[in-house]
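Chemist: This is what each chain is made of:
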Amino acid sequence: MPETPQTLTVVARAESLGPVTEFVRKGAREANLPQARVRELELLIEEIFINVSRYSYPESAPGVVTITYSVPAPGELAVEVGDQGIAFDPLAASPPDLTLDLMQRPIGGLGILLLKSFARLVTYRREQGWNRLKLTISANP
Amino acid sequence: MTLEGSAIDVPCSMRHPRGIVTIEQTQVGGKVVLRVAGRMDAETAIQFEQHCDSCIAEGFTNLIVDLCDLTYISSMGLRSFVATAKKLRDKGGELRICRLTGLVRQVFELTRLDKVFPLHDSVESALMEG
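Chains A and B, in that order, give the protein sequences.
Here my numbering is used: position 83 in the first sequence is 83, and no number is missing along the way.
Quick note, my numbering runs 141 ahead of the 1-based positions in the second sequence.
These are computed hints drawn from the structure, not numbers from a lab.
Be aware that a few hints might be false.
[What the hints assert, rightly or not] Over 10 Å on every C-beta distance to chain A, these chain B residues come out as not near it, computed from the model:
(1) Q188
(2) T202
(3) K232
(4) D262
[What the hints assert, rightly or not] Computed spacing ranges between beta-carbons, pair by pair:
(5) B:D255 - A:E59: 32 to 38 Å
(6) B:S195 - A:L102: 18 to 24 Å
(7) B:E199 - A:A139: 44 to 50 Å
(8) A:R132 - B:E199: 45 to 51 Å
[Stated by the list, open to error] Derived contacts from chain B toward chain A, CB cut-off under 10 Å, selection only:
(9) D182
(10) L219
(11) L251
Each residue gets a CB set at the ideal place from its N, CA and C atoms; glycine is no exception.
Next up, chain A with everything else stripped away, as it sits in the complex (with noise of 0.2 Å):
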């Protein structure tokens, strides 16, 4: 288990999404999460990075984004995703209409609810220029 916190930094393009996935899927082994709990990981990681490569910075002017995880304990995985763009709470963001039938739903607009939903505890916070969601998934939800 490291000591210090572990950090990736990438452009805010969605090719760098398949590293991004393997850095943290490093993590959960370092923090022996289950398989199940895994995929829950990987599915919030995508939703957030997804949607910081596709919405925080010019399309032209891509910026970077920092993923950083650690192991506060045992059975336990933090992981912090930072990116310089445009403010952006998406624990604020308005929950989409799920009553609404196929031909009137929107095409896309689920990732933040799956966030909402899967993240045990998430916070986010606006710091010096930065976004910052921190997120902790523990072996036993």
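Assemble chain B onto chain A, guided by the hints.
Modeler: Structure of chain B alone, referenced to chain A:
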């Protein structure tokens, strides 16, 4: 790409290489059964949507998607399902989904897409309804 034959509910296998989606296609009468395995994420969902678009371009309007070997789906995967289902409905057809399991079932239930798509416990059941 199209195989003639009968679709059967072969046992689900829970293991599949990460980061890959595979699509097996079987044609049963005027319907197409797609067995989708692996992961549908931001990188791979487009492959599923393009495959469905090809089926629609060939004139198929009733697609049955067997997900028993799909181990992961994100919101980008869900987009592909909703987009494809809308195209099919516009043509008077339907997208039917079979054998949701695990995380994939959870995701469909949380987003209430399990109420939007016709769900089936077996491919045979979907073929009879469709």
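Chemist: Now, for every hint given, state plainly whether the structure supports it.
Modeler: Here's how the hints hold up against the structure:
1. Q188: 14 Å, holds
2. T202: 15 Å, holds
3. K232: B:K232 clear of chain A: closest Cβ-Cβ about 13 Å, beyond 10 Å.
4. D262: Correct as stated: the minimum Cβ-Cβ distance to chain A is 21 Å, above 10 Å.
5. B:D255 - A:E59: 32 to 38 Å: 34 Å, holds
6. B:S195 - A:L102: 18 to 24 Å: With a Cβ separation near 21 Å, B:S195 and A:L102 satisfy 18 to 24 Å, so the hint holds.
7. B:E199 - A:A139: 44 to 50 Å: 47 Å, holds
8. A:R132 - B:E199: 45 to 51 Å: 48 Å, holds
9. D182: Holds, because the Cβ-Cβ distance from B:D182 to chain A comes to roughly 6 Å (cut-off 10 Å).
10. L219: 5 Å, holds
11. L251: Constraint on B:L251 satisfied, holds at 5 Å.
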